[in-house]
Amino acid sequence: MLELRDVSFSYGGAKVLFDVSLSVGAGEAVCLLGMNGAGKTTLLSLVSGLARPASGSILLDGAPLPPRPAGIVAAGVVQVPEGRRVFTQLSVRENLEMGAYLRLKKGGRAGRAAVTDDLARMLDLFPVLGERIGQPAGNLSGGEQQMLAMGRALMARPRLLLLDEPSLGLAPRVTAAIFRVVRDLPSMGCSVLLVEQNALGALAICNRGYIITSGQIRFSGTSADILSDELLREAFLGPVNGEDGVENGGEDEATSGATSGATSGATSGATSGAASGAAFGGAKDMRDDPRRGSATQEDN
Amino acid sequence: MTVPVSAPSSASAPVTGRHPLFTPSARRFAHGWLALAVAVALLPLALRSGYQFTVLNVVAVNLIVVTGLNLLMGYAGQISYGHAAFFGMGAYGSAILSATHGVDPWLAMSVSASGVAVAAAVVGVPTLRLKGNYLVMATLGFNLIVDVILVQWSEVTGGSSGFVGVPPLAVAGISFDTDRSFYWLAWGVALLLLIPARNLVHSPVGRALRAIHDSEPGAEACGVPTASYKVQVFVLSAVFASLAGSLHAHYLGIVAPKTFDIFKSVEFVTMCLIGGMGSLWGGLAGALLLTVLPQMLGVFEEHHDLIFGAILLFMLIFMPRGVSPWLREMAGRVRRGPGVSSDSRDRGDGEARP
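Residue numbers (my numbering), protein chains in the order written: chain U, -1 to 298; chain P, 160 to 513.
The set of hints was computed from the structure by calculation and includes no laboratory data.
Note that this is a predicted model, so its numbers are computed, not measured.
Even glycine gets a Cβ: it sits at the ideal position worked out from N, Cα and C.
Mixed in with the good hints there might be a few duds.
Claimed, not checked - So the derived list for chain U, only partly shown, Cβ under 7 Å to chain P, looks like this:
#  : residue
1  : 16
2  : 19
3  : 20
4  : 67
5  : 68
6  : 71
7  : 79
8  : 83
9  : 87
10 : 89
11 : 97
12 : 99
13 : 100
14 : 102
15 : 104
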């Protein structure tokens, strides 16, 4: 469905993506794992059309990606931006309806009826939103805002949902709830490309994963492969058997941050789920991706 | 959150897309609009002097600019300190076309508005990529450039002493050349322009503009072409300013560059802020207050810019959302009893706030 072929990108002179190839098939949930500054968000912004690759090609169903973000949304590829980016002054309901903006604009009685149905479905999926339907989104908690951001994206009826660190800054319980929804999306006809630092949680709900460091894909495989690979586990997912700070030769120097940052609690519960500790969480304030800046979350 | 709650009744209400003229909020607007129209129609009975008409005429002209500026600032969240330039371009365009070239005033007015639309698009495409302070600086700079041109290009514009002899607008032999007759024209236009502004605000496009105000990346993610919407609303608000400028020129018969400098832009922005950004009625309040008050208080005349600056600062610090939301909040607070802030919210649970 989505295919990136040898995509490179640089901000000014600094190259941040090197010949990245990646694909997401229909009905698949794929995660892209890596630390801050590895190029994860940049890669997503290339797919959502906010930036253009310097070289390489991005194909959607075998054809080149539409040039503008609006065209990409219309083609069924919708992003849940990092840091939620809900419309704080608009009500929860208006936020959700904004998600269906292109569908409503195209108009028609049938189209509006379908949007109304979808709105009800979103409230089934995220019942908390129903309780706050008339409130400004700025009144919602961070977890609720994340759910709203996802609901808003789903209102566009995407075929492929791009999720940028949905677990960022959320309590484990809320993260688990969000991951449960993400897990079920492929069966609802929506493929997922999930960017995460919470590697264990992401692998637990995705079929396949890619590991990216310093703008290069270092490993790709099924979630089971990644989880069972000793070296990868140690380098990216946290020390085995609770040994802190185990380092691995041969890997990029950037990995050491991940390893030492990993919590030792994230060892055994590899498949047990979403709520496990954030494996890449250690480097949280070392954000150097220029698109992020203060974008993480506005505290309303 | 694990307990599925059946969707509340409001969820089953139809989604937007009903024609903006047939919603409850449209009815409320219609009532307000009719009330204003009646007030405008009856007010002349109470007015004695031509001077009072003059002041109200200026209110109407300012209201047109502020209505347009509100679309840009209050709804789309893009600040412009350059609207006096568009106001001036409309005024000088009308003046030069009708007085120097003998074009019919109405035609001069529409040609000027079209020219301003093109100019606004040219200015808007690069500047609206800027945000916050940078957008302020860019629009301010644009206003300064236009101001310099108006003063320096004296063989066409009349230079710093101004341009005299602008013919009045006329319909079927009736000329709007007196304070009293122009009152009907200015308020008629102002009232008329409120209607498309209101409909735009309550259309899906208006909601997209508010979404841009809240989060541009979010709006982009929803498929809103944010860059082109921002330019479009900038052009629209510039056209409002241009129309007001043309009215101003044909009314006074004289235009002078002093009326279109950056301080005038600050004045428009202050009117917008005072009334309450994102409220068309607030724009009326702002235009009325900041036009009438300076006339009533003699000190205003001399320290005009100083006082506007002070008001602007005061507003930004104490009522950043303007008078009308502030009044609404105060009213709510009084109703609920003291000590309860209107925005006290019950936060969701299970949430680690970063």
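Quick rundown of the hints versus the structure:
At a threshold of 7 Å, the smallest CB-CB gap from residue 16 of chain U to chain P is about 25 Å, leaving the interface hint violated. Look at residue 19 of chain U: its Cβ only gets to about 25 Å from chain P, farther than 7 Å, so that hint breaks. With a cut of 7 Å, the hint placing residue 20 of chain U at the interface with chain P is violated, because the nearest CB-to-CB distance is about 20 Å. Because the smallest distance between the Cβ of residue 67 of chain U and any Cβ of chain P comes to about 5 Å, under 7 Å, the interface hint for this residue holds.
With its C-beta approaching chain P no nearer than about 5 Å, residue 68 of chain U sits inside the 7 Å limit, and its interface hint holds. For residue 71 of chain U, the interface hint holds, since its Cβ comes within 7 Å of a Cβ in chain P; the closest pair sits about 3 Å apart. Hint status for residue 79 of chain U: holds, given a least beta-carbon distance of 5 Å to chain P, under 7 Å. With a least beta-carbon distance of about 3 Å to chain P, the hint placing residue 83 of chain U at the interface is held under the 7 Å criterion.
Taking 7 Å as the C-beta cut-off, the interface hint given for residue 87 of chain U holds, the closest approach to chain P being about 5 Å. Residue-level restraint check for residue 89 of chain U is violated (minimum Cβ-Cβ distance to chain P is 10 Å; threshold 7 Å). Nearest Cβ of chain P to the Cβ of residue 97 of chain U: about 6 Å, under the 7 Å cut. The hint holds. Nearest Cβ of chain P to the Cβ of residue 99 of chain U: about 5 Å, under the 7 Å cut. The hint holds.
Because the beta carbon of residue 100 of chain U sits about 4 Å from the nearest beta carbon in chain P, less than 7 Å, this interface hint is met. Here the hint on residue 102 of chain U is kept, as its CB sits about 6 Å from the closest CB of chain P, short of 7 Å. For residue 104 of chain U, the shortest C-beta to C-beta distance to chain P is roughly 10 Å, which exceeds 7 Å, and the interface hint is violated.
Violated hints, in rising order: 1, 2, 3, 10, 15; the structure is consistent with all others.
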